[in-house]
Amino acid sequence: MSCYTMGIDIGSTTSKGVILKDGSEVVSTYLIHAGTGTKGPGTVREELLKSSGLTNEEIAYTVVTGYGRKTYEEADAQLSELSCHAKGSHFLFPEVRTVIDIGGQDAKVMKLDEEGRMTGFLMNDKCAAGTGRFLEVMANILQLDVSQLEEEAARAEEALKISSTCTVFAESEVISQLANGADIPALVKGICRSVASRVGALAKRTGIEEKVCMSGGVAINGGVREALAEELGTEIEYSPLAQLTGALGAAIHAYERATAKERKDG
Amino acid sequence: MLDDILKKFQEAAEHPEALKERYLAEGKQIVLVAPVYTPEEIVHSMGLVPMGAWGGDLQLNQSKRYFPAFICSIVQSILELGMKGAYEGVSALIVPSLCDSLKVLGENWKYAVPSIPFIPMTYPQNRKPEYALEYTLHSYERVIADLQKATGKVFSEKLLRVSLEIYNEHNALMRETVKELAAHPEISAQQRSWIFKSATFLRKEEHSALLKQFLKELKEQKAEGKKLRIVTTGILADAPSLLQILDENGLQIVADDIAAESRQYKTDIEAGNDGLVALAKKHASRDNCSVLYDPLKRRVETLVETAKAVEADGVLMILTKFCDPEEFDYPLIRNACKAAGLPIVEVEVDRQMENYEQAATIIESFKEMMESK
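Protein chains in written order, with my numbering: chain A, 1 to 266; chain B, 1001 to 1373.
No lab work stands behind these hints, which were simulated from the structure alone.
Warning: the hint list may mix true and false statements.
Simulated crosslink set (BS3-like; lysine-lysine; CA at most 27 Å straight-line) [said to hold, decoys possible]:
#, chain 1, residue 1, chain 2, residue 2
1, A, Lys70, B, Lys1226
2, A, Lys211, B, Lys1373
3, A, Lys261, B, Lys1226
4, A, Lys204, B, Lys1321
5, A, Lys261, B, Lys1227
6, A, Lys70, B, Lys1227
7, B, Lys1227, A, Lys264
8, A, Lys211, B, Lys1212
9, B, Lys1321, B, Lys1103
10, B, Lys1266, B, Lys1007
11, B, Lys1028, B, Lys1179
12, B, Lys1153, B, Lys1110
13, B, Lys1297, A, Lys204
14, B, Lys1321, B, Lys1084
15, B, Lys1110, A, Lys264
16, A, Lys264, B, Lys1373
17, A, Lys204, B, Lys1373
18, B, Lys1266, B, Lys1179
19, B, Lys1226, B, Lys1179
20, A, Lys261, B, Lys1373
21, B, Lys1373, B, Lys1338
22, A, Lys204, B, Lys1212
23, B, Lys1373, A, Lys70
24, B, Lys1212, B, Lys1007
This is chain A alone, in the form it adopts within the complex (with noise of 0.2 Å):
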């Protein structure tokens, strides 16, 4: 009989599902623009079941993650949002050794050896610098939508410097940059270097071991994901699934508590 578990990665500013088939198959995904604190949890589990045709039921066990995972009933146990990564980018790509997971409010950087893992981390500290949230507003500076920025860097002949210390510095000198008339393509790809840096600084940190692969939502972009391969100098391995790589690896972490589980009842 196939064992169904769904992992749900619950983040500042989006909720994310999968479920999973016997701990590789991936049966279904869901992502809602709704993180903590919303309703977005709740329909990330109505959406999964629902696309999936299975029931409350027949989910043998759901772990859950994220910012929001404290507040979340409906699951059988929660885990750090640094150990689902750690394994989701361990079963997408089992050679990697360093993740890199920048999210809306937060970047960490993960050690994995060859199991995948965790055999160390580290965190950026209390500063929006570096994170999804220093993209979303300088996006809305540039009155662009976030998922712009990779389009608008790709066109850009060299990138502006924009601080990476503190995103309100970074604001500052992105208005006084747009007062002087500054190329807009050119600005955003600083911003991205910018991003780059901060993370860059983070992940140098704890020493760089490759294969380096990213995940979480600001993975998806490229501008990002480019200027951090050329900060950190190696490549940087990117799944489709880079921002359910939280759920993916809850649920995967499901199902080893239910197939442990099973073994323990007999």
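Fit chain B to the given chain A structure using the hints.
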């Protein structure tokens, strides 16, 4: 019964102001001793009550008139408490010169809190050579002279010998307590912290009496539960929100290298005729601390050895924000732990922190990392 004793530790730890009022009502004079390694024994021997001044968790407002934002929040909060009148009634404040922030605290205190005299305790950076002992002795003489002036009390070598014995006994009891606590996962990180924090406020003979009762009860109690074993390192680890996170994640502190905790009780005074010389030698023989000059940084090696000896699952570095001496040591500690295969994680704290959400995620991930090892 054990709970009753823990409650006494808790009361002293959480309400030092009530303790201050009690001592004053008993007609005693109080002298504040700022961190780290202030010669409390001298204060005690003069019939004064030395009370620890490690600041407190509060919003910093008034102290910002004297300090920039990027300075250790321990010294900032000491000044804040002084400016807000929390220390009213005490006779003096002694501040040692062991880090740059502490040096600035003393100078600012003179202007910000003129009602409470500031007494400097200037230590030599090179504390071990013969000339350094002489330097320390001269500094003690300054402290004694200033204390006599501020309190009207007289120093006596004979009474110092008595105090030194009281402090030696307390040191031994604290070390025994740490060792015993490592065998009792049922005692929470918060409860463990009360024992250390109350030691900085209570007179040592009072605290020793409580420790003796506590140890007797603890030894009779059956150890319960199984937790992940960690060693903490840093300057300060008394924030209730942080300790709660450790308890929620089932982490037991089995040994520590915290300046406000075990580092205070590692070194005893050797027997000798001259109490002040013995006290200076005690300081000279102190080691393994970020604020004590050591070009070989043996603290790092000692920490790893301690963690191995107590069979720790990992090391938690509690880094006080803007503490340069600790920040300099952290990369060395991290590398040494990694080389020894000891999981290590760093959590940054300060006296103004209200939201520990990021620390909670870091500690939870650390727990999961240790579990999967």
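Outcome of the hint check:
For the suggested pair Lys70 of chain A and Lys1226 of chain B, the alpha carbons sit about 23 Å apart, so the restraint of at most 27 Å is met. Distance restraint check for Lys211 of chain A and Lys1373 of chain B: the Cα-Cα separation of roughly 21 Å lies within the 27 Å cut-off, and the hinted pair is therefore satisfied. For the given pair, Lys261 of chain A sits about 21 Å from Lys1226 of chain B by alpha-carbon distance, which is consistent with the 27 Å threshold. Proposed proximity of Lys204 of chain A and Lys1321 of chain B is supported: the alpha carbons are some 21 Å apart, at most 27 Å.
About 21 Å separates the Cα atoms of Lys261 of chain A and Lys1227 of chain B, which keeps this hinted pair within 27 Å; it holds. Between the alpha carbons of Lys70 of chain A and Lys1227 of chain B the distance comes to roughly 21 Å, so the proposed pair stays at or under 27 Å and holds. Between Lys1227 of chain B and Lys264 of chain A, the direct Cα distance comes to roughly 22 Å. Compliance with the 27 Å bound is thereby established for this hinted pair. Between Lys211 of chain A and Lys1212 of chain B the alpha-carbon distance is near 56 Å, which puts this suggested pair outside the 27 Å criterion.
With a C-alpha separation of about 17 Å, the suggested pairing of Lys1321 of chain B with Lys1103 of chain B holds against the 27 Å cut-off. For the suggested pair Lys1266 of chain B and Lys1007 of chain B, the alpha carbons sit about 25 Å apart, so the restraint of at most 27 Å is met. For the given pair, Lys1028 of chain B sits about 34 Å from Lys1179 of chain B by alpha-carbon distance, which is inconsistent with the 27 Å threshold. As the CA atoms of Lys1153 of chain B and Lys1110 of chain B are separated by approximately 22 Å, the hinted pair is consistent with the 27 Å bound.
As the CA atoms of Lys1297 of chain B and Lys204 of chain A are separated by approximately 24 Å, the hinted pair is consistent with the 27 Å bound. For the given pair, Lys1321 of chain B sits about 23 Å from Lys1084 of chain B by alpha-carbon distance, which is consistent with the 27 Å threshold. A threshold of 27 Å between alpha carbons decides the hint, and for Lys1110 of chain B with Lys264 of chain A the separation of about 67 Å lies outside it, so the pair is violated. With a CA separation close to 21 Å, the supplied pair Lys264 of chain A and Lys1373 of chain B stays within the 27 Å bound.
Of the supplied pair hints, the one linking Lys204 of chain A and Lys1373 of chain B holds, its CA atoms being roughly 23 Å apart against a limit of 27 Å. About 13 Å separates the Cα atoms of Lys1266 of chain B and Lys1179 of chain B, which keeps this hinted pair within 27 Å; it holds. For the given pair, Lys1226 of chain B sits about 17 Å from Lys1179 of chain B by alpha-carbon distance, which is consistent with the 27 Å threshold. For a cut-off of 27 Å, the pair hint linking Lys261 of chain A to Lys1373 of chain B stands: about 20 Å separates their Cα positions.
Taking the CA atoms of Lys1373 of chain B and Lys1338 of chain B, the gap is near 13 Å; set against the 27 Å cutoff, the hint holds. Distance restraint check for Lys204 of chain A and Lys1212 of chain B: the Cα-Cα separation of roughly 49 Å exceeds the 27 Å cut-off, and the hinted pair is therefore not satisfied. Our distance criterion of 27 Å between C-alpha atoms is met by Lys1373 of chain B and Lys70 of chain A, whose separation comes to about 24 Å. Under the criterion of a C-alpha separation no larger than 27 Å, the hint pairing Lys1212 of chain B with Lys1007 of chain B is consistent with the structure, at around 15 Å.
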